[in-house]
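2 protein chains.
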Amino acid sequence: MNKKAFLKELKRKVNIIEDALSQYLPGEDEYPETIHQSMRYSMLAGGKRLRPVLVLAAAEAVGGDVKKVIPAACAIEMIHTYSLIHDDLPAMDDDNYRRGKPTNHVVYGEAIAILAGDALLTLAFEVLSSLVEEPGIAPQKVLRVIKEISLAAGSRGLIGGQVVDIGSENLDISAETLKYIHINKTGALFKAALKTGAILSSASEEQITALSRYAHFLGLGFQITDDILDIEGDTEKLGKPVGSDIKKKKATYPSIFGLQEAKQMAREAVAESLMSLEGFDERADFLREMARYLLERDN
Amino acid sequence: MNKKAFLKELKRKVNIIEDALSQYLPGEDEYPETIHQSMRYSMLAGGKRLRPVLVLAAAEAVGGDVKKVIPAACAIEMIHTYSLIHDDLPAMDDDNYRRGKPTNHVVYGEAIAILAGDALLTLAFEVLSSLVEEPGIAPQKVLRVIKEISLAAGSRGLIGGQVVDIGSENLDISAETLKYIHINKTGALFKAALKTGAILSSASEEQITALSRYAHFLGLGFQITDDILDIEGDTEKLGKPVGSDIKKKKATYPSIFGLQEAKQMAREAVAESLMSLEGFDERADFLREMARYLLERDN
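Quick note, the sequences are listed as chains A and B, same order. Okay, so the first sequence: first residue is 1 according to the numbering used here, each after it adds one. Okay, so the second sequence: first residue is 1 according to the numbering used here, each after it adds one.
Worth double-checking, as some hints may not be accurate.
Identical chains share a label here; the pair holds if one copy fits it or two copies do between them.
Here are the computed lysine to aspartate or glutamate pairs in the EDC-like style, where the Cα-Cα straight-line distance is at most 20 Å [what the hints assert, rightly or not]:
| id | residue 1 | residue 2 |
| --- | --- | --- |
| 1 | Lys-179 | Glu-134 |
| 2 | Lys-67 | Glu-236 |
| 3 | Lys-48 | Glu-205 |
| 4 | Lys-147 | Glu-134 |
| 5 | Lys-179 | Glu-33 |
| 6 | Lys-147 | Asp-234 |
| 7 | Lys-247 | Glu-28 |
| 8 | Lys-147 | Glu-133 |
| 9 | Lys-68 | Asp-29 |
| 10 | Lys-48 | Asp-298 |
| 11 | Lys-250 | Glu-205 |
| 12 | Lys-249 | Glu-206 |
In case anyone wonders, no lab produced these hints; they're calculated from the structure. Note that the coordinates shown come from a computational prediction; the quantities given were computed from them, not determined experimentally.
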């Protein structure tokens, strides 16, 4: 798969997700309207859709039916979006812009933003529970996926990462703490995405483990690249001001390891992620290109 | 069952729930400690434990095994507690005390309070997904329960009720809006509690419907009584200042219908809830006494 074919396929997958998301969300004229408008505002504000795309790609890599895993992919994106809405709140990172648009609480107020996040997290589990209606997905598999996702999203995953992140602002933190933040804040949901696509497609335990390892290194490479883009990127392409990590005195890979070393670490993470896919055939080519793409991206 | 036997049995059930809750929650020395301490602070701060007790009582009423439904009962209490933590935030009701103790954000700060709520909601679904490990509970039933609970807790239930509630402060609202708030903010989770206990105990659809109807009227009676206690209650017994609804200009049953009419409505709701149990034998006596108890309570 060359880069052009990858980008075309990426766009196709993103479109599938965005269409499905719009359908799973309550309409903006459904009472009480503000909460539903607020949920749709953040869910349909664009974004890379990496996690749901990875769910589809994992299903594909193990020869599964991509269509069947779409609800689970949407659920994971809902969890990701809820976490962004809450992270942006004045009590947390206090960000007024995301993806070039005013953040949820700027538009709808803090109360509705908190509740919209809560509602998206809740809706994710409703959508997951309805997976059992897809023919050929055993209820046990759905429950395993719900367990994986709730573990990844909880205080021992995503939320734990955010807790340590906000507790580390303006502090000199160790490489170990930085790693904890990213393994949990980004890595956990990446892993859950790959595992979800694989479990629902009846992958072998060996395949699930390999895809989970892929996700671990992909998440790491993604995060380091994010930190580098905050230094070397372009404000317009990023949709957020370059240098915001430095302004907030946030510990990042470049700030702890230096820019050149951070770049080397990102390359190594991507190489590791590719190695995890060695046992897979060409149906994993999309995942392979994805790893390269995330390293080279400019936004 | 006389009142004394009921109170003894209520206490026994509450103890079962509190022991189980403590076990399901991460320990307060688990990293990152603040979030786990914050989760435990609100979860183990007492409270009536009505919803989880109702899960156990529903299982009992249909001849099920109470022990098996304990995890589900705990999950529902986690959702109730998360909603209280978020409701109390400065951006919402801005309450500094609950059950006579400082609210979560007063002790741990807003950021951790938001995240502790998020983590409890997430943990609820993790605990629910683990129900499948109980022998004799079919995975389909667990998924049905997850669906019922997520619907009840989402923007078409609990959260929808809260949205309309905060949007109605200082406004003259109609009886219809007041009803919407309570059916969703209180009723939905009451209903889900009864249904959960029944579904996991292999109740008939007829029994599930009857218990759901019981829950609807019980929730209504409970809410009206709450409103009345805010006028006629005792600050010390309630653990919160009497008259806070009036101070906040909140619409309540007494403010819309008058105190005498509200009392009559509460009595009627309890009578309706009792009627819903007509098809049940003496194993539903606890539920019957519960309805009477909630009408007569002083806290």
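Structure-based check of all given hints:
In the homo-oligomer, the alpha carbons of Lys-179 and Glu-134 never lie at most 20 Å apart, since the shortest distance is 38 Å inside one protomer and 36 Å across protomers. Taking the closest pair of Cα atoms, Lys-67 and Glu-236 never come within 20 Å of each other, the shortest separation being 34 Å inside a single copy and 58 Å across copies. Taking CA atoms no more than 20 Å apart as the test, Lys-48 paired with Glu-205 passes in neither setting, with 29 Å inside one copy and 44 Å between copies. With identical chains, the CA atoms of Lys-147 and Glu-134 are at most 20 Å apart both within one copy (19 Å) and between copies (15 Å).
For a Cα distance limit of 20 Å, the shortest separation of Lys-179 from Glu-33 across copies, 17 Å, qualifies, whereas the shortest one inside one copy, 40 Å, does not. For the identical chains of this complex, Lys-147 and Asp-234 are neighbours neither inside a copy (39 Å) nor across copies (44 Å), given an alpha-carbon limit of 20 Å. With identical chains, the CA atoms of Lys-247 and Glu-28 are never at most 20 Å apart, being 37 Å at best within one copy and 33 Å at best between copies. Proximity of Lys-147 to Glu-133 under the C-alpha cut-off of 20 Å is found in both arrangements, the shortest distances being 18 Å within a copy and 12 Å between copies.
Taking the shortest Cα distances, Lys-68 and Asp-29 never come within 20 Å of each other, neither inside one copy (29 Å) nor across copies (41 Å). Taking the shortest alpha-carbon separations for Lys-48 and Asp-298, only the intra-copy value of 12 Å comes in at or below 20 Å, while the best inter-copy value is 54 Å. When the C-alpha separation of Lys-250 and Glu-205 is checked against a cutoff of 20 Å, the pair qualifies neither within a copy, at 38 Å, nor between copies, at 55 Å. In this assembly of identical chains, the alpha carbons of Lys-249 and Glu-206 never lie at most 20 Å apart, being 41 Å within a copy and 61 Å across copies at closest.
The structure is inconsistent with the numbered hints 1, 2, 3, 6, 7, 9, 11 and 12, although it conforms to all the rest.
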